Structure formats: structure tokens, C-alpha cells
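Participant: Kindly produce the complete structure, drawing on both the sequences and the hints.
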Amino acid sequence: MLELESVTKRVGAVAHINDVTIRMERGSLNVLLGPTLSGKTSLMRLMAGLDKPTSGDIKFDGASVLGQSVRKRNVAMVYQQFINYPAFTVYDNIASPMRLAGIDKKTIDKRVRETAELLKLSEFLERTPLNLSGGQQQRTAIARALVKDAELVLLDEPLANLDYKLREELREELPRLFAETGAVFVYATTEPHEALLLGGQTATLSEGCLTQFGATIDVYNKPNNLVTAQTFADPPLNCITVIAQGNQLQKDDFSFGAINESVADGNYTLAVRPHHVALSADERYNVAVDVTVGTSEITGSETFIHVKALNEQWVVLTHGVHRFQSGDKLTVYLNPDYFYLFNDSKDLVKAPQLQRLAN
Amino acid sequence: MAGITLDKLAHSYLAKPGNDADFALKQIDYHWEDGGAYALLGPSGCGKTTLLNIISGLLLPSKGHVLFDGVDVTELSTEQRNIAQVFQFPVIYDTMTVAQNLAFPLLNRGVNQSEVDSRVSDMLATLELTEKANRKARGLTADEKQKISLGRGLVRYDVNAILFDEPLTVIDPHMKWQLRTKLKELHQQFGHTMIYVTHDQTEALTFADKVVVMYEGEVVQIGTPEELFDTPEHTFVGYFIGSPGMNILPAELNANALQFADQSIALPGDYRNASGSVELGIRPEFVSLLSQEQARAKDNPSCVPFKTTSVEDIGRFRIVRGEVAGHTIAAVLPEDQSLPSEPVALFDPARINVYQHSRLIKPTSMQSGGGNHG
Amino acid sequence: MDKPFSNKAWLFVLPVFLLVALSAIVPLMTVVNYSVQDTFGNNQFFWAGLEWYEELLHSERFHDALLRNLTFSAIILIIEIPLGIFIALNMPRKGVWVPICLILMALPLLIPWNVVGTIWQVFGRADIGLLGHTLAQLGVDYNYATNWFDAWVTVILMDVWHWTSLVVLLCYSGLVSIPDAYYQAARIDGASKWKVFRYIQLPKIHRVLLIAVLLRFMDSFMIYTEPFVLTGGGPGNTTTFLSIDLVKMAIGQFDLGPAAAMSIVYFLIILLLSWVFYTVMTNYGEDKPEASR
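Protein chains in written order, with this note's numbering: chain C, 1 to 359; chain L, 1001 to 1374; chain P, 2001 to 2293.
None of the hints are false.
If you only want the chain L side, here are some residues facing chain P, beta carbon under 7 Å, derived:
(1) E1079
(2) Y1093
(3) P1105
Here are the simulated BS3-like pairs of lysine-lysine, each with C-alpha atoms no more than 30 Å apart in a straight line:
(4) L:K1362 x L:K1008
(5) L:K1063 x P:K2094
(6) L:K1182 x C:K346
(7) L:K1307 x C:K165
(8) L:K1026 x P:K2094
(9) L:K1184 x C:K308
(10) L:K1210 x C:K329
These are calculated hints, taken from the structure and not from any lab test. Model, not experiment: these values are computed from the prediction. Built from N, CA and C at the ideal position, the CB exists for glycine as well.
Facilitator: This is how it looks when you write it as C-alpha cells:
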């Protein structure tokens, strides 16, 4: 179990990591989600022991690891760049951490072949990394991290330099591969979509602060505050400030209807996910908003419509192919059940009520 | 601005290419309309960058010609082709300010100072960079730098085409949305012919009117985003477009019905032109997971028992992976739908594509309209 | 950029500190000690205070030598830096010629100073040297032993021949690290060759160029062997640079006090000028320090 207790890292006057407390269990996959410079890499370096925190403590299985050298820590790291020994074959690359650990040849051979099989590298074992595609090179690096039997495996945007489809495949494989080893896995990414596909736990980071940590889907569905919600939104969240009176939500003279929950009267930020904006009304989607179309993007099965709604820039994500011209007037419909409300201090007061129905 | 014609174009990096496999880019014949937005989509090593380099004039093709508005430019250098390009990593002139960066291509072409000033200030406004006009370009964020490199092309009003080489690679997801939208706006505003190279389907599909899908040096399909989604002409396109990709399952074609896993699925189209072993292609979006009762109630004969292996909840939908008749398959379950405990899979017959040797078999006629969805 | 942090790192640096202390700081302190005392031999020392410094700073001999040094370094930089950049720009970036060019460039650097001096001394002689004889045949009155201008030209030629390669190799390493996309973008923007150099190549190599300038400045300012081998500082005192003067003073005349004061001043001048170069060149083109995490 990896524990960070009030860890702060300052460089000069700038806090790269600000008072982060987090606890990660063995055998768990933990995603660090946040934009560039939010502190993901800084946090990973602290976890690995490459940097020392300015204050706070880092413990592994209950004992502080601050005094220990990185080499003794049994940590494995995979980077965005594909880092392998260029002169070694794939086989030797995978075997290298085990050779360092002084494991006997037979065991090494067995483990290398098993891992290569798992990562679909068997046919490339005799090649050197530079004769492989990017995806194969990164799989070699991942294989090395896997065989090391590390207690802590850190993956820093490992798929960022890979093709879209390869990413999709590896994303599906990774959690499965890692679940079995019993190590603590930490995976940094900038992409909300990637975090969701990986599952596990997610820690959202913003400007060096940990904004939330919990089961990935829970963080997505119930972000504690607006910053987390915005970090965990792709396409971006549609926001607008409203005034609540009773359970009625109002923006100037426009009414967003009534919500089922009772909230204190006052100012709120209303947020709606783009796929919770419908192009046609029904009994649930009953709040009509007139919008002006900016651009629309068609993916073949879905359409993203960028619109101006009540002077805010919104995105509508809808099934099927819909063609609109820039400047078209349109009415979209909202379902108050799917509103997020954040109070003045940007904390969550209402999350969508998900209902799952049999079709 | 110009239309671009690729006339029997092919390229090999070898001096004396022998067979087909020696060609990094196999023969392509195509015409890109003036003012269109096109994407070249494919995995790394598929030849898309080779094609882009031929169009930009960095590479002389082994065979064939490139024509801009009917004029052969194959032998012309990059400068003479009058194009603009945005690269994967932002290329900016570090020591210049934002405004100087934008003025650079104009000053190089001897445009007079007052014209330069007015165009640069227009462009700064268009790119929403007016406030940063006098900042050194090196201190800007990646997305701002990419805007500048695009601006250096747009500021020359007369460029024949703007080429993009994976321009969003280093941009954060949130900014990707804004930059993509900006790109679309600019395309509508200026009407340049734009060619966008990427491995990212979302970028390709949302950007382009027509997407050219490439695979191992070959163009496997050119089509609108809908065509690529609805009727991929090659199983590779089915797999590559869509997330997760199309399910491809072995089946037998018999008259106008598919035999799959002891079930017979009647197809809406007329397939008398083909028979025998085929591949059934169905997108995860069109695989419904029903409970036993629902299936019985619908009285649909073509339901197949579905063994769930994993569920990935990605928020707005769930990806359910499982097995039907021993084949792995993925289904997409909308956010507000529950997953039955012992589901059966139902394929929407109108959305089934039939492939033989990886190529799409088109029905000779449709008995009832498929195609539409929503 | 963050660097790995460990207290144990100091242990690895410790030997270097000890070595530097023994080899540099202790001798330096000895020199400082000498510079404020007078001696008549016999290991008898008398306190002299800043006398030697005052004398030195008012000595014409020192002024002349200093001026010679500054002129020499200026000429060296003016010739070697542009020439080095020019050669680097014209070296091939890929193909079989790359290793050949690199080896050719590295050759002069492998030759020791005094050998270079001897080579040119012989090469320039009017009776047996190829250069000297050829020039004499052409009717050029060239003699480095008697004509101060010829001596200067020869020393400068020697240094250019010996050290331009260093500038070339440093610049070349900077140039090859520029991604192709920059050149493509510049072509698309219609930039001339000069503009490509001015706005892409120069900004990208300016850091290695800084190192080249510093190295060449310090080295040329400390020039000793070449003029010593060639003419021993002559004709007259025309190639007597600070270092030669220093040695003459310390070993030839055994004026330890003034010589020590001179080395201290010499050292301070080099330090000061290096700092000026460094500050000027690092601030060049700099906007604000970029945030890095």
C-alpha cells in the first residue's frame, strides 16, 4: 500500500505539488488525471523517490520510504517516450531487470516467454527495439516493467505516442495485465476518456492539488467540485450560472425548470454534460433552450454541435448524423434530472440521478 | 486556392521497385475539390505521410503526377507550389514576437508594410491572439503556437492548400476541442482546400468532408464520415473507424439470409450475387442486449445467447464485451439502459454488412430501406 | 527540469572537491600570498601590501601586453566564429561524407600546441618552409622573425587552423539537432537562406555558440605556446602576450611578487570577460524565463 501524507513539493516559490494526501492499495490501478502541468509527473517522481517532498511523508506498506534510494525501492516506470536498451534484443530487454536481480536462467526464460506472449511480442524476441513499430517498442517497455515484479509501477502517459487504435487495444489489455501482479499501479493521463476506459480509481489533479480521489466512474458521475467535473469532461462540460429559488432554477428571465432535490436559495453553477442535451423533447427532456449553431462536427455515428446558448459556449453531443449550418437557430432540450449544481464555493450540491431502464 | 488532382500517383522509396509490396504508396487516382476539407487517416506506416509529402513537394513520386487546378506541379518545389503546412510539433520562430511571426511570410514575399500590418492585425483578431501580439512566441502554450503556425499560412490569402500533419498531437484534450472548432470556423471563413493527416479517427471524421482511409500503402476507402461508419468497404475500415471497432464474425451466406451460430438472419438487401463463407460485420452500437423475456416477447428468431466477460463503464455509455457462439464481440449499452443478467444479443439486420475476403459485398437491391439511423 | 535528489550524491562529488581544492584553490592562495609580499630569495618575505598591484596597473609593459591579448582574442573570435559557423552550415547532414568531414575537422584538434607551433614555424620559413619559400618566390617579403605584422599573421593563422574546427563541431552538433519541420516551414514561408540562418539556425545554435565563444575566448586569451615556439615573443615584444610576459617575469627575472600580482589580475580579467560574454549571450533573445515543471 502506498500512502502519501500531506506531501508538498516546492521548487523555488512555486508549489508543484500542494498538500496531497492519497492512499493506494496493492493490486489497484490508479489513474492520475489532469491537464499538462497539473502535477502528474511531479507526483509520480515523488512516489518513485526521484524527488524528495518539501514536506510530508511517503510510506510503502506502512514504512516511510523517504530515506531509501530509488534503486532499493523496487519501482518500475514506463514513460511516454519508448525507452528500451537499443543494443539489446527484445528478449534481453525484457530479461534485463531479472538478470539484475540475479534470477536463474531457466526462470528468466520462462518469464520472458510468458510475458512476451501476453504482450504479443513472441515473434519479435530476437529483434532489437529500433526495428519495431512504436506500439511494439512500448509493449517491450511495459513487459520490462511487468517482469520486474515491482511493488510500485508508474506509467507516465505510456500510450500518448501511439496510434489511436493501438491505444484502444493496449488500454483494454493493461488493467487486466496489471491486476494480477499485486503491485500498486499509477497511470498518468491527460485524457478523461482514457481514465474511463481504464477504470480503477482516479485522482484528479489541478494546479498541483488533488481535487478528488475515488472509483473512476464515481468521480466521473459525482465530482465533488466544479474543477474536478471540468477536468473529467471530454467534450467539455456545459456551464451557466443560475439562481435557485425554491427548487426553480433561473437565469435572468429564463427558467431551467424545477429539480427534484431541494437546495438552498442562492447562486449556483449549473452544468450539463453534452450528451444530456437532446434535439427533441420528451417527458424527461422538457426544458427548451433556443440556441444558435456555431460549427458542427460529424463522426459518422454522432454529431457534436457547438452552439451559443444564453450567451454561453455549449456543446451538444447527439446520436446520428445531423447537418446544421453556422448561424442556424435550434431548440435543444434539457432534463433537470441530469443537471449538476455547484454552489458559490464550487462544491457539488446536486449530481444527475441516473436511471437504468430495461429497453 | 486550388483543386488537387492525383493522377496515377505511386511511390516507392526503393530505386527499382519490383512487386507491389515495394511501394510505400500504391497507385492512387483521385480529385480533391477546391475548398474541400479532406483527411488522410490510417495507422503509422500506412503511407499517409508519404502522400502528404508528395503533395507538399518534399518528395518526388516514382510514378504519376500531382496537379493543382489542372496544372502539373509534380516537379515544382515546395515554395513554388504556394501551400501552407502545420506540423505535428509547433514550428514557430522563437526570437520573433507573435505579430512578427505572422508578418514573416508576407515580408518574405515583398508585400508592402501597410498591407502587412492590416493583414496581421486581422489575423491576430481571427486567431484571438491580439493581446499577445507583442509577446515573444516562444513563451506561448502549445495550442497558441499551433494557431500561429496556421496563421502564417492563412495570412497569405492566396495559398493553394493548407496541409496539416497531425497538428493536435501535443495539445491537451480540452484545448483540442477549441482548436478543432477554430479550424472548422476558419475553413468556413476562408474556404481553403485543407488536407489533414492523422491516425486519430475522431479528428479525421470531425474535420473532414471526405476521409481517405489508408492501410499498408493502399487507399482502402474514400468516403464521408457516414459512409465510413455505415458501410465500410473493407473490414479494416470497419475495425479502424468506430470505438470499439466493428465486430467481424464468420457466417454463411445463403440466399438472402446469413447463417450464424445456428441462427438465420434475414437480410434486407438482395445478395443473390454471392454465397458461401462470408464475414458478418456489425457495429457494437447495433448489437442490442435483451433479456430472455424481451427476446421472447419480440418473437425475434435471430437472437444469440451472449456470455458477458467484461463491462467498461465510460460514462455516457458502457462497452459490454462478451462471447457469442465462441466469438468475442462488443456491444454498446446506452447510459440509461440496464444490462440483463443472462442477455441475448440481437443484431439489427439493417445494419449488418457482409464481407467476403475482407471486401464489402453490396446488395444488388434493397428490399426495404436500411441505412438510416438516429 | 527536476533532477533526482539524494544526499549521497555529495559523496560522489567529494573527491572532485578535494582534487580541485588541492590543484586550484591551494595554489591560488599561494599566488595571492606571493602577490602581497616581496622577496629577495632565501625564502625571506616582506609585506608589500598592494604595491605590486599598483605598480602593475601603472606599468606600460602590462598595458601593452594586455592590449595585445585583447586585440588577439578579438581577431580570433571575429575570424573563427563566423568561419566556424559558415563551415558547419555547409557540412553535409547525411550520407557517407558526414564521418569523413567530421574526422577531417577533428584532426587539427588532436595535435598538441607546441607541435602546431613547430609545424608553422617550419612551414613559414623562407629558406626551407613551403609557405615561406613560395611567398618569397612570389616576391612577397614575408618573415615572421623580423616583421611584427608577419609574426602576428602567422600566429593568427596557426590558431585559426588549429581551433576553428572546435567551433565547427560545436555548431554542427547544434545544427543537426534542428528538426526538418523547421526548414520545411521556412521554405513554405518563402524565407531566404539568410533568414533561415537568422531566425532558425542562429537561435537554435546560440547555446552551443555561447560555449564556443567562451572556450575560444578563454583559450585565445591565454595563448602562450604558439608565439613562444615561433618567436619567443618577438620580434621585439610584438607577440609578447600576458602569459609570455608572466613567465618571463616569474621565471626569467624571478620577480615572484609582481608576477603573482599579474597572474591574479590576469585571472580576474578572464573571469570578468567570460562573465560579460555569458550574460550578454544568454540574455540575447530571451523573453521571460519559461515556467517549467
